[in-house]
Each structure stands twice: as structure tokens, then as C-alpha cells.
Amino acid sequence: MSYNIHIQRQEISALFDLKGPSEALQEWAGKHLPVFPSHPNSKTIKDEMELSFIGRNHWILRAPLSQEQSLAGRLMPESCPSDISIVRISDTLTFFGISGPDAPEVMAIACPLDLHASVFLEGMITYSEVFGIKALVSHYDGGFEFAVEQSFGDMIVDYLNRAIT
Amino acid sequence: MMLIHCPFCGKRSESEFIYGGPVGADRPNPDAVSDAQWVEYLTVTPNPLGPVQEKWWHARGCGEWLTIWRDTRTHDIVEAPENAQ
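Respectively, the protein sequence lines represent chains F and D.
Take any residue in the first sequence, count from 1 to its spot, add 303: that is its number in my numbering.
Take any residue in the second sequence, count from 1 to its spot, add 345: that is its number in my numbering.
The hints are simulated quantities; they were obtained by calculation from the structure and are not laboratory data.
Be aware that one or more of the hints could be misleading.
Label pairs and their calculated CB-CB ranges [to be verified]: (1) D:ASP371 to F:SER388: 28 to 34 Å; (2) D:THR412 to F:ALA375: 36 to 42 Å; (3) D:MET346 to F:LEU368: 34 to 40 Å; (4) F:SER341 to D:VAL378: 46 to 52 Å; (5) D:PRO367 to F:HIS309: 45 to 51 Å; (6) F:GLU452 to D:VAL389: 38 to 44 Å; (7) D:LEU411 to F:LYS322: 17 to 23 Å; (8) F:ILE412 to D:ARG372: 41 to 47 Å; (9) F:ARG359 to D:ALA381: 39 to 45 Å.
Some chain F residues near chain D, calculated using beta-carbon distances under 8 Å [to be verified]: (10) PRO343; (11) ASN344; (12) ILE357; (13) ARG359; (14) THR429; (15) TYR430; (16) SER431; (17) GLU432; (18) LYS437.
Heads up, simulated BS3-like pairs for lysine-lysine below, C-alpha to C-alpha not over 27 Å straight-line [to be verified]: (19) D:LYS356 to D:LYS400; (20) D:LYS400 to F:LYS437; (21) F:LYS346 to F:LYS334; (22) F:LYS322 to F:LYS334; (23) F:LYS437 to F:LYS322; (24) D:LYS356 to F:LYS437; (25) F:LYS322 to F:LYS349; (26) D:LYS400 to F:LYS322; (27) F:LYS322 to D:LYS356; (28) F:LYS437 to F:LYS346; (29) F:LYS334 to F:LYS349; (30) D:LYS356 to F:LYS346.
Here the structure is a predicted model, which means the values were calculated and not measured.
Positions of the beta carbon are idealized from the N, C-alpha and C atoms, including for glycine.
When you get a sec, could you build the whole thing from the sequences and use the hints?
Here is the structure:
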């Protein structure tokens, strides 16, 4: 059986892993970030930057790679207070976009999440599994996106190709 | 497959979690208990026929540690017994 989907391995993004109390993070870098999302596994967007709330006191900031240096300059990870942590992780994750009419079918093969649109709402983002590997999964208009560790990227391409043919 | 309720993410597949063992007794003061009681604390883990409290780690999720009560007879996640501490 073949599926009507489009798989795209995305270019590297600028990624920063933010940990600590939200008040402390906002005090240190709030003016450079989107508004902090209030609901677990949701995200906010501002000027091409996405701030995702993916764990208790844990956020991931994503932006185009062209903004990486300027963001690092503004967030100043090396000199942040001891109660927060800001780490550049741009080269640790590789993103895949899965779009098309059969995208939910293929994602259902790969991922144990309840991906129905009434449960995993558009705009939600969460850590889960894709083919048994920890992955950051999000739902956007027309499809899904997920990120796995870079080193698993080629293996995930292989798994996806096997799943859709 | 069990669906485990994560306090941050909601109900998730068991496959996203790693079992962290049963919730044991609080660590006693080794100077205030007998050798037998100390050995029991170190080596005997709860293994009841019925509800047991367990620790689970949402390792392939948000990273939260949580405790649940699971009935060893049915494998169902259940409410805490009334006499639970």
C-alpha cells in the first residue's frame, strides 16, 4: 500500500534549550523572546521565533538559522544566572515535515500519540516517540513535523520510506 | 498497553515511560532500627497481590517523574486505596 504524503527533511534551525523558572527566564531574556506559552505542549510565535513549552520549567526556542548568532548574542547563554540554563542545541536535532492527505496515517504508524485533530490540536508540540526514538512532534496546518537527534536522521528516512511503500 | 496519566502531558502510551520501581518505605534511621528491620528496608520491595504504588519516568516525553497505583492482579491503573499513606 502506498500513501499520498510528502516528506521533507528540513534545514537546520537555530535552537536553544531553556530551563528554569519562567519568571527568571523572562527577567533574563523575556524581551528577546515570544510570550511564554501558558499551556503545556503549546507554543507561541513572534518574528519567526517559536517558543515551545515542552516540560515543566522547560522550553525550546526555534528560529531560522540566520538568526542564531544574533539570538546567542541577546540571550547570552554563557553568562546567564545559575537558576536558569540556556543551551544552544541547533545541531542536535533534525526536523522532518510530513504533509498530505495521508499524513495522519503514516504518523499513526510511527508514533503512539493520539494524533486526532480533536486531541492533538493544531499548534500543539510535544515530546513523544517516532519509530521508538524520542522525538519532538508538532501538528501544523496540513500536516505534522517531528524532530529527532541528528544521528538518527538517515535511519528515520529509511523507516519512513519502508512505512509508505 | 497501559495509558499512563502524566501530570504535564496528560494520558500517554506506556512506551513513552520507563518503570522506576515500586515506592518503598521511607528510609529509617539505621541507628534506631534493628538489623532485621534495616535488612528488610534494604532488600524487601513491595510486591502485594493487589494495588501497588509505582514510580514511572516520562523519559520519552516531558521528563516528569510520577507515581501511580497499579493493581498487580489486573494490570489496571487504579485509585489509591483508602488506607494508602
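Consistency of the hints with the structure:
1. D:ASP371 to F:SER388: 28 to 34 Å: Holds, since D:ASP371 and F:SER388 (Cβ atoms, about 31 Å apart) stay within the stated range.
2. D:THR412 to F:ALA375: 36 to 42 Å: Check passed, 39 Å falls within 36 to 42 Å.
3. D:MET346 to F:LEU368: 34 to 40 Å: 39 Å, holds
4. F:SER341 to D:VAL378: 46 to 52 Å: 47 Å, holds
5. D:PRO367 to F:HIS309: 45 to 51 Å: 47 Å, holds
6. F:GLU452 to D:VAL389: 38 to 44 Å: Given a distance of about 40 Å, which is inside 38 to 44 Å, the answer is holds.
7. D:LEU411 to F:LYS322: 17 to 23 Å: 19 Å, holds
8. F:ILE412 to D:ARG372: 41 to 47 Å: At roughly 45 Å between Cβ atoms, D:ARG372 and F:ILE412 fall inside 41 to 47 Å, so the hint holds.
9. F:ARG359 to D:ALA381: 39 to 45 Å: 40 Å, holds
10. PRO343: 5 Å, holds
11. ASN344: 6 Å, holds
12. ILE357: 6 Å, holds
13. ARG359: 6 Å, holds
14. THR429: F:THR429 check passes; min Cβ-Cβ to chain D is 6 Å, inside 8 Å.
15. TYR430: Status holds, d = 5 Å.
16. SER431: 6 Å, holds
17. GLU432: 5 Å, holds
18. LYS437: Holds, about 4 Å.
19. D:LYS356 to D:LYS400: 16 Å, holds
20. D:LYS400 to F:LYS437: With Cα atoms ~20 Å apart, D:LYS400 and F:LYS437 stay inside 27 Å; holds.
21. F:LYS346 to F:LYS334: Given pair F:LYS346, F:LYS334 holds - Cα atoms ~17 Å apart, limit 27 Å.
22. F:LYS322 to F:LYS334: The hint holds at about 17 Å.
23. F:LYS437 to F:LYS322: Holds. F:LYS437 to F:LYS322 sits at ~19 Å (cutoff 27 Å).
24. D:LYS356 to F:LYS437: 17 Å, holds
25. F:LYS322 to F:LYS349: Cα-Cα ~20 Å, so holds.
26. D:LYS400 to F:LYS322: 23 Å, holds
27. F:LYS322 to D:LYS356: Cα-Cα ~24 Å, so holds.
28. F:LYS437 to F:LYS346: The given pair, whose Cα atoms are some 19 Å apart, holds under the 27 Å limit.
29. F:LYS334 to F:LYS349: It holds: about 11 Å lies between the C-alpha atoms, which stays within 27 Å.
30. D:LYS356 to F:LYS346: 20 Å, holds
Comparing the model with each earlier hint shows no violations; every hint is respected.
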